[in-house]
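Participant: Each chain, written out:
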Amino acid sequence: RKEVEQDPGPFNVPEGATVAFNCTYSNSASQSFFWYRQDCRKEPKLLMSVYSSGNEDGRFTAQLNRASQYISLLIRDSKLSDSATYLCVGQSGTYKYIFGTGTRLKVLA
Amino acid sequence: NAGVMQNPRHLVRRRGQEARLRCSPMKGHSHVYWYRQLPEEGLKFMVYLQKENIIDESGMPKERFSAEFPKEGPSILRIQQVVRGDSAAYFCASSPSSGTITGELFFGEGSRLTVL
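These protein sequence lines map, in sequence, to chains B and C. Numbering-wise, the first sequence is residues 10 to 118 according to the working numbering. Numbering-wise, the second sequence is residues 1482 to 1597 according to the working numbering.
Rather than coming from a laboratory, the hints here were simulated on the basis of the structure. A hint or two may mislead.
As the list claims (entries may be wrong) - List time: in silico DSSO-like cross-link candidates among lysine-lysine, alpha-carbon distance up to 30 Å: (1) C:K1552 - B:K11; (2) B:K51 - C:K1552; (3) C:K1525 - B:K54; (4) B:K54 - C:K1552; (5) B:K54 - C:K1508; (6) C:K1508 - B:K51; (7) B:K54 - B:K11.
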């Protein structure tokens, strides 16, 4: 089993839709979690950290379920500019960040 | 305030040649990571370095690949005798310290290696 696993998509959604991505992780990548965003042929950038209690940043909500070993990202009121690949990241130890393969999102006009 | 600088952005090599990729971390950052991304795949950890020290190179192929982060100058990822399978985007990231609370790695724009 991969340490961090994501559905590659693509998820094609209309503008204004709500879309959710899940990511599962193994014990080796279970210290802390993050969502990164990567635009086509660009570098990844931190979108948000994921806290056990769940956290929200504007239209984005991240949640962690340790019992089932998955994290989720919910995007409300999707914008065209949200089209990107969303990378789930698990931290293993003090410095090792393990990236999932990413979930592609296309928001359609 | 410059971000993470990588060069070259694009590099073309013939099989058997050497590729050298350079990375200057953000000012004040002393921790450097190298990741490789193949088309349609995620980022694969290669190596983690601090100034003058390789901390973890468990993701680096045992042969032909090496990395350094000298006291002065950029970090360098070196690939000897390149093969077509080495064609990928190589991303460098830096952080101010290990276990950074925010988990934020600052990535460079990547170096895209094409092996003919």
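Participant: Would you mind confirming whether the straight-line C-alpha gap from B:K51 to C:K1552 stays at or under 30 Å?
Facilitator: The given pair, whose Cα atoms are some 29 Å apart, holds under the 30 Å limit.
Participant: Check whether the Cα positions of B:K54 and B:K11 lie no farther apart than 30 Å.
Facilitator: holds, 22 Å
Participant: Are the Cα atoms of B:K54 and C:K1552 separated by 30 Å or less?
Facilitator: Within the cut-off at roughly 27 Å; holds.
Participant: Does the alpha-carbon distance linking B:K54 and C:K1508 stay inside the 30 Å limit?
Facilitator: holds, 18 Å
Participant: Quick one, are C:K1552 and B:K11 close enough, alpha carbons at most 30 Å?
Facilitator: violated, 36 Å
Participant: Take the C-alpha atoms of C:K1525 and B:K54, compute the straight-line distance between them, and say whether it is at most 30 Å.
Facilitator: holds, 16 Å
Participant: Would you check the hint for C:K1508 and B:K51, treating anything up to 30 Å between C-alpha atoms as holding?
Facilitator: holds, 21 Å
Hint violations for this structure: number 1 only, all remaining hints satisfied.
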